[in-house]
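J.: Given only the sequences and the hints, what does the whole structure look like? Please build it.
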Amino acid sequence: MRLPSTLSGSESLARYLTQSNHYNLQTYSVMPRAFEPPSDLRLSVFRINGLSDLEVWKNGQVNVIDKMPQPRPLYGFADIKVLEVQATNLTVDPDDTPPRHACIVGWPEGESNKSKRKLLAQELASKAKLRLQRDNS
Amino acid sequence: MTKAKAYAVIGSTNPFAFPINLGVSDDASQVEREAQEMWIVLYQSQSAAGVYRQTTRTFHNAVEECNFDNWDGYGAKAIDELSWSKALLFSQLLPTNIPIPDIYVDSDGEATFEWYIAPRQVFSVTVRGNGELVYAGIFGSNKIDGTEHLDDELPQVILENIYRVFSGGAYLEAAQYA
Chain A
48 MRLPSTLSGS ESLARYLTQS NHYNLQTYSV MPRAFEPPSD LRLSVFRING
98 LSDLEVWKNG QVNVIDKMPQ PRPLYGFADI KVLEVQATNL TVDPDDTPPR
148 HACIVGWPEG ESNKSKRKLL AQELASKAKL RLQRDNS
Chain B
10 MTKAKAYAVI GSTNPFAFPI NLGVSDDASQ VEREAQEMWI VLYQSQSAAG
60 VYRQTTRTFH NAVEECNFDN WDGYGAKAID ELSWSKALLF SQLLPTNIPI
110 PDIYVDSDGE ATFEWYIAPR QVFSVTVRGN GELVYAGIFG SNKIDGTEHL
160 DDELPQVILE NIYRVFSGGA YLEAAQYA
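In order, the protein sequences belong to chains A and B.
Under this note's numbering, the first residue of the first sequence carries the number 48, and numbering increases by one thereafter.
Under this note's numbering, the first residue of the second sequence carries the number 10, and numbering increases by one thereafter.
Treat the hints as calculated values from the structure; they're not laboratory data.
Hints may contain errors.
[Claimed, not checked] Covered, in the sense of this in silico footprint (three residues per stretch, anywhere, with C-beta under 8 Å from a C-beta of chain A), are these stretches of chain B:
1. 82 to 93
2. 110 to 123
[To be verified] Taking CB as the label site, the calculated pair distances span:
3. B/65 / A/180: 56 to 64 Å
4. B/34 / A/86: 45 to 53 Å
5. B/63 / A/114: 29 to 37 Å
6. A/158 / B/166: 16 to 24 Å
7. A/101 / B/161: 51 to 59 Å
8. B/70 / A/51: 39 to 47 Å
9. B/65 / A/158: 22 to 30 Å
10. B/66 / A/179: 42 to 50 Å
11. B/94 / A/51: 47 to 55 Å
12. A/118 / B/65: 22 to 30 Å
13. A/180 / B/66: 20 to 28 Å
14. A/86 / B/150: 27 to 35 Å
15. A/86 / B/108: 29 to 37 Å
Model, not experiment: these values are computed from the prediction.
Glycine included, each C-beta is placed from N, C-alpha and C at the ideal position.
T.: As structure tokens, this is what we get:
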């Protein structure tokens, strides 16, 4: 299924969780650290509309886990809607490299804005739904 | 300098928050030795040194697991050891009457302390290698973020917002009478 180049607000994005402390089982929620951007301020996500559950997990394994210098387990993913990202004044850039890949961009830049980036990560995590690998076994 | 003045800490509930000893006299050296002995005794106390021990443990784990770039698969930087050495100092300033925070390596390799109750009841402090404390928090519909500097005492805004995570004013009031 080929996705349109323009995103719709209701489209789902997956932020794959590569660490066990990226989620909280007691509250069944995504932790803010899962959404903290790297130094290039491009937070990697994947567009998962139209994919089966199996395809979503396989995508995470192939495009995230298998590319890590020291592979870790794929614990799950944070499912967040495009419009929730846009509500924080961030944008989603669908670069499609690899296919379905996008980046959440528009983070406040510079050392002095780290607190604002932390706050945005907390905001995004509060809007995301947790989907664990074990829930699909 | 009297021993009482040497140990005076204003507005803190943490007996570990000793001021930096700038004295050069025999009295000052004696005070410093006694402070170190007291620290050793208190360290052995389960509750009093909980955060310090947790910070130390997390740092040792981080050295093993996060000591190279892209350790998380998303471009994270390797751990910043200067940040973690400051984090150990920060952990010694935290009140002993609050839950132990979650401590982790963030995407810049820096040490972050996080108090988390629910998605919209969270407060975090990142300790930078230059001594800056970068904080951010969500409390229902309220938010806060900013930067303070690590000194001998915990900045008041940091302390207030740690307490705020745990049902805000009621917790703060109770803690003041602890």
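J.: Now look at each hint and say whether the structure bears it out.
T.: Status of the hints after comparison with the structure:
1. 82 to 93: With 5 residues closer than 8 Å to chain A, the stretch 82 to 93 of chain B meets the three-residue bar; holds.
2. 110 to 123: holds (count 7)
3. B/65 / A/180: 56 to 64 Å: violated (31 Å)
4. B/34 / A/86: 45 to 53 Å: Because 47 Å falls inside the window, the suggested range holds.
5. B/63 / A/114: 29 to 37 Å: holds (32 Å)
6. A/158 / B/166: 16 to 24 Å: Taking Cβ atoms as reference, residue 158 of chain A and residue 166 of chain B lie about 19 Å apart, which means the hint holds.
7. A/101 / B/161: 51 to 59 Å: holds (56 Å)
8. B/70 / A/51: 39 to 47 Å: Holds: the Cβ-Cβ distance is about 44 Å, inside 39 to 47 Å.
9. B/65 / A/158: 22 to 30 Å: holds (27 Å)
10. B/66 / A/179: 42 to 50 Å: violated (26 Å)
11. B/94 / A/51: 47 to 55 Å: Roughly 50 Å apart at Cβ, these two residues keep to the hinted range, so it holds.
12. A/118 / B/65: 22 to 30 Å: The hint (22 to 30 Å, Cβ to Cβ) holds, given that residue 118 of chain A and residue 65 of chain B are roughly 28 Å apart.
13. A/180 / B/66: 20 to 28 Å: For residue 180 of chain A and residue 66 of chain B the Cβ distance comes to about 27 Å; the hint holds.
14. A/86 / B/150: 27 to 35 Å: holds (31 Å)
15. A/86 / B/108: 29 to 37 Å: holds (31 Å)
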